[in-house]
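A.B. asks: One-letter residues, chain by chain:
Number of protein chains: 2
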Amino acid sequence: MRLQVAAVCLIALSAYAVDAGHVLRGYTPEDSAKEINWEQKFRTMPDAARIKENMRRLSARPHHVGSPYDHDNAEWLLEQLKSYGLDAQIEQFSALFPTPKSRELELLGPEPFTAKLQEPPIAVDPTSDQTSEQLPTYNAYSRDGDVTAPLVYVNYGRPEDYEVLDRMGISVKGAIVIARYGESWRGIKPKVAAEHGAVGCILYSDPRDDGYFEGDSYPDGPMRPAEGAQRGSVMDMPVYPGDPQTPGVGAVPGVKLIPLDQVKTITKIPVLPISYADATPFLKALKGETVPEAWRGGLPFTYHVGPSTAKAHLAVSFNWDRKPLYDVIAKIPGAKYPDAWVIRGNHHDAWVNGAEDPLSGTSAELEEARVFGELLQQGWRPDRTIIYCFWDGEEPGLLGSTEWAEAHDAELREHAVAYFNSDTNDRGYFFAEGSHSLENFVNDVVKDITDPETGMSVWKRVRLVDIANATPQERAEIRSRPDLRIPALGSGSDYTVFIDHLGVASVDLGYGGEDEGGGQYHSAYDDFYYYTHFMDTTFGYERALAQTAGTMVMRMADADILPFQFSDLADTVHMYVGQLQKLADDKREEAKERDREIAEGVYKALYDPKKTLVPPPVEAIPPYLNFAPLEEASDDLTDAAKAFDAAYAAAGGVAPAGLNADLIRSERLLTDSHGLPNRPWFEHLLYAPGFYTGYGVKTIPGVREAIEQNEWTQADVQIGRVSVALEHEADLLKQATKLLPAAD
Amino acid sequence: MRLQVAAVCLIALSAYAVDAGHVLRGYTPEDSAKEINWEQKFRTMPDAARIKENMRRLSARPHHVGSPYDHDNAEWLLEQLKSYGLDAQIEQFSALFPTPKSRELELLGPEPFTAKLQEPPIAVDPTSDQTSEQLPTYNAYSRDGDVTAPLVYVNYGRPEDYEVLDRMGISVKGAIVIARYGESWRGIKPKVAAEHGAVGCILYSDPRDDGYFEGDSYPDGPMRPAEGAQRGSVMDMPVYPGDPQTPGVGAVPGVKLIPLDQVKTITKIPVLPISYADATPFLKALKGETVPEAWRGGLPFTYHVGPSTAKAHLAVSFNWDRKPLYDVIAKIPGAKYPDAWVIRGNHHDAWVNGAEDPLSGTSAELEEARVFGELLQQGWRPDRTIIYCFWDGEEPGLLGSTEWAEAHDAELREHAVAYFNSDTNDRGYFFAEGSHSLENFVNDVVKDITDPETGMSVWKRVRLVDIANATPQERAEIRSRPDLRIPALGSGSDYTVFIDHLGVASVDLGYGGEDEGGGQYHSAYDDFYYYTHFMDTTFGYERALAQTAGTMVMRMADADILPFQFSDLADTVHMYVGQLQKLADDKREEAKERDREIAEGVYKALYDPKKTLVPPPVEAIPPYLNFAPLEEASDDLTDAAKAFDAAYAAAGGVAPAGLNADLIRSERLLTDSHGLPNRPWFEHLLYAPGFYTGYGVKTIPGVREAIEQNEWTQADVQIGRVSVALEHEADLLKQATKLLPAAD
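These protein sequences, in sequence, are chains B and L. Take the first sequence: its position 671, counting from 1, is numbered 671 in our numbering, and each next residue is one higher. Take the second sequence: its position 483, counting from 1, is numbered 483 in our numbering, and each next residue is one higher.
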């Protein structure tokens, strides 16, 4: 609806436009016509073959933080960017990056077994034998430790899994937990295990989740083979990402470091990731009851909860070194607003060869930069400054992006218009997550991108695929809402510091969903052979990523009035407030129901002499919360957004002085410099990675997590803070509306 | 609510009762007191140790139809019943029962494999080595056949699985299908496969469904081991059960037989059941796409849909012999109403040793008969005639019960009051399925049975367990409805001929749900060792079954007014009518939605060059149906039932002449002698096994299956027939109400 109104107005105003066709939002008809021309030119130019060659070069050797080839790649990227005519440089930082000194995992007892902890070379895969350069399989920021204890299986190791264990009468106190990868971010698993008293944590890749259950195993297919293992960071990033020794500050030479023993983001217990070939003897050693159905993996035996009678011995130690980070940064100065920065980024470091993660994104991003170089030669100049970033050290903990952004904190808070991120990119359907003030912008851009396989716009395609997979209720919304919803950003890539710490409107985008994914995630087999045999083999979606991200950057950089839109934001905030109310109601109903069932004797009826069932404790009924301030504020935001969007549409792309500055501030107003409870680094009040989900987003996190954790006073306080921020946002929009000519 | 009203009235009337306590529904206070006294006596007497010894004796050797030990068991049962002082005899019938002459299954091609088709003896299990007496693993009533063809995997082989294959562009025409056991009755799998053009059918037991995925494998635990296989009948029983050569007629000597080549209930293609050890090479030979997630089993490789390039060779031939059936029948003549028969049954034949199926039921039933013998000696006499039946030939196709009931057709239609069936019985929660005119009766009886593990009544226990497992909506109903709902009867045991063919009110009952079940279903390992190690090891629920079934039989036999109740029936019919309306609406909405998606281009958006996706055909939108006659009739039934139940309560158990005869007729009026469309043997208009589900019930089957199969004219006709029957039922109740004194 909103979209159609806007379109009608723009068409009415476009009588004097260069052509009577489509006018881009935020552009005058003349500027729109010019922009469309340049954008169309841009989109013809990305070359799938070049992107493939970028990937081949960048993935030729292991290139993790601190490795020679990581530095070599950075220098090569710099050289390429310079060769495109761009003003590029390497900005160097440093960060704590532990690497394994020793790793040992044994099963003791009558059938002893020593885990191999090796991903063997595979004959057909030419880079898989670069073992001397590969990082061993390990979890970065695990503490050192040497523990011997019985094993307990904890499913995915989420807080709710421990509730199931409580009902089964199983404690992990003093035990080593064995958890499967998946469902929650890996760093949550040792964190929650330690909170429950475990002394060690083994993570393994179950074939149910990314192995033969999902599809053929590598090298016959893309899925994880028996000895494949997932490396990865277990840094407690929901507290803060980046260099653990310099939270909030850029890790430049001379910076003051927090002593290692005071770092909060290192795990409390030792952790080690293993393959399912290594995990099998440990899982088979578990005694006790058969686990609930949802806990069972794909291995060919019965999963028991434990504990094991045989003990496991886990010993890991690390070199706690600081390593250099090479961020490669290229700038295209803005012709009109050089102090307004549109930033684009993708990391270049990997766990090993990293063809899919991250080079499927990096290789496309580099091609975008090349095309911009060509357009510059053809005479195009962006209105705003464009900054292309190739981050180092994303894998261990978003190190390169975080240190860069922390080092440029004040400038970015002043100048940054928006940040566009990508990472892994595959074949399939467009996806985006991001700031909801950009939801309409993202929708608009991807209506202009052609899907390589179907020839329809990628917007139309994802909309139809969403319809195919939706519930009837969801379908009705998709069909009636002009813009497709974009999910909120959690964490897991380099947008985190921009959106969560600095309050820069951000979008993470890419393609995927057609090929079985994740099979070689953080494995030595995520390499050029793998990607070119099983993933986007034609590089059609690599090209589409370059077209999409490039168009976003260009359209944002050149707009007369920044194409922010707030009706979608207000609609989203309303949805979140409704979810919070439902969450509080559901928690209350659940507590009432649980207490009622205990009183009725349900747990007595469920008694089974062959099993253990511990009834849940009787729980205090959650109180009613006062949501009125949030309801009031989101209504005010809705009204202000509606008025602003109407005035914006009526302005015909003619920007009054001060309006763009207001728009740049709009995302900042959704932050609070005191941050979230217990994690002040996270300043955004609408979006954050969950304290107990890791990558998974919690929207309106202060309120939501307080409700989830039964902290009712905290919930009230947080409702107040968020309401104030939303009222400030509404005020900003009212002020901005006044700058515009009155709408009809 | 209804229950509470009734209870109040009865208490008011009970001032002159023997004690002021509980008065049984349908009893005068004096008779209630006497009955309660006898019932309490009855329930103290069943002896778990005797039941265990019954099982030990009956399961000592394989005892399938036609085997020496089957006959031996029948003679032993006869002897026991006589020794209890009962008037017992063997009634002998005969039936077609094919047994294997030869069975061959090979995988051809580069990696040839010959299936073993053997369940090997297991050292700790003393009867598992009786291989010379065991029936081989096979499916009875598979046709002879010798076919060589590629393989296609069809998941559970249900009609909806073939729709998925259609979308994947896979045809089974000319192929041998390999289907896993589970989700639908086995006989449906070759039937549907043949309808789709398959030339052969392999059934296998996937460890996901009854093997290591569910629990430890035999003999470490109860679940099916690698070489365990499920025998079973594939007779097309939804057309008619019993001897395939004598439908509708008792197979007594001299009966006219339908020639074999005209029998409709033999499969159209050869079928063979195998273990997962045997299935593995065939499944691994499948090429083509990875199957959808819901199709994947528990074996440690990727499941592909096929076809295979290697062909399979399946050859089976059978001895098409007629075998004797020995039904053991014991009667206790009724002192007051000898021509009113209360019938109790459980089969005694098995596929092999059959400790769980059926002897867990048979052994308890025999103990009931013993206890009745003792009570007779103590002076108790039932008002009505009680008939205890031990059926032969249930496993191949409900042969013994069907032939007996067909032979006694006219008598049963006149005299049978109710039939109480049991079969497999395990540890756990009470369950019952049956006629809804007996729903209230079943609820009342099981309030008086004490659960061996918790000491609460089994009614209370199952109610609380239902609450624990219910959705919030279901919970609200359980808490507010006086009676727990009992599901309707489908098929799969000996009640079928009684309820579906003769219209005798029936109940199937038992216990279960605590132990992992079904692991040795129809295997040679379903034996005494298995049952006494993994199932109801204390025989507490065997004793509870004897107490429950015995109390039902006794209370039904002795009642002054038969304890039928019709408000529950009317409520259930209303629920079914609502379901039918929703089914019709959902089908219409689904067709509209599918057609809309095709028009929108959803299937174009889902195009994936690496996969095959065949869009569904555009479908005609189902018309609206006239449900008014059914709504009218079910309202009339509700009114009539309410009036009757109130008058019944007010009568205080004093039976007017003719009332009990009316009540016996009440279930008959729900049948129609013309039967269901295309299967006239099935006469009940409210309940039938589904034509495409086999055991699974279809309620109001004429209408429901017509809607499911898009037969709209048929649906209209069937709505008319069912409405007439319901109006007749309402008229009967009105007439019966007039016999009773006017209620307040």
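The hints are simulated quantities; they were obtained by calculation from the structure and are not laboratory data. There's no promise every hint is true.
One copy or any two copies: either way a pair holds, since identical chains are not told apart in the list.
As the list claims (entries may be wrong) - Taking lysine-lysine pairs in the BS3-like style, the calculated list, with each CA pair at most 30 Å apart, reads: (1) K284 - K116; (2) K287 - K311; (3) K642 - K587; (4) K604 - K447; (5) K268 - K284; (6) K173 - K284; (7) K587 - K82.
Treat the numbers as computed from the prediction; the structure is a model and nothing was measured.
A.B. asks: Evaluate each hint against the coordinates.
C.D. replies: Against the structure, the hints come out as follows:
In this homomeric assembly, K284 and K116 come within 30 Å of each other (Cα to Cα) both inside a single copy, at 17 Å, and across copies, at 28 Å. Taking the shortest alpha-carbon separations for K287 and K311, only the intra-copy value of 12 Å comes in at or below 30 Å, while the best inter-copy value is 42 Å. For the homomeric pair K642 and K587, neither the shortest alpha-carbon distance inside one copy (34 Å) nor that between copies (40 Å) is at most 30 Å. For the homomeric pair K604 and K447, the shortest alpha-carbon distance between copies (17 Å) is at most 30 Å, but the shortest distance inside one copy (59 Å) is not.
In the homo-oligomer, the alpha carbons of K268 and K284 lie at most 30 Å apart inside one protomer (27 Å), although the nearest pairing across protomers, at 45 Å, exceeds that limit. In this assembly of identical chains, K173 and K284 lie within 30 Å of each other by CA distance solely inside one copy; the values are 21 Å within and 43 Å between copies. Taking identical chains as interchangeable, the C-alpha atoms of K587 and K82 are never at most 30 Å apart, the minima being 57 Å within one chain and 63 Å between chains.
The structure does not agree with the numbered hints 3 and 7 stated previously, though it agrees with the rest.
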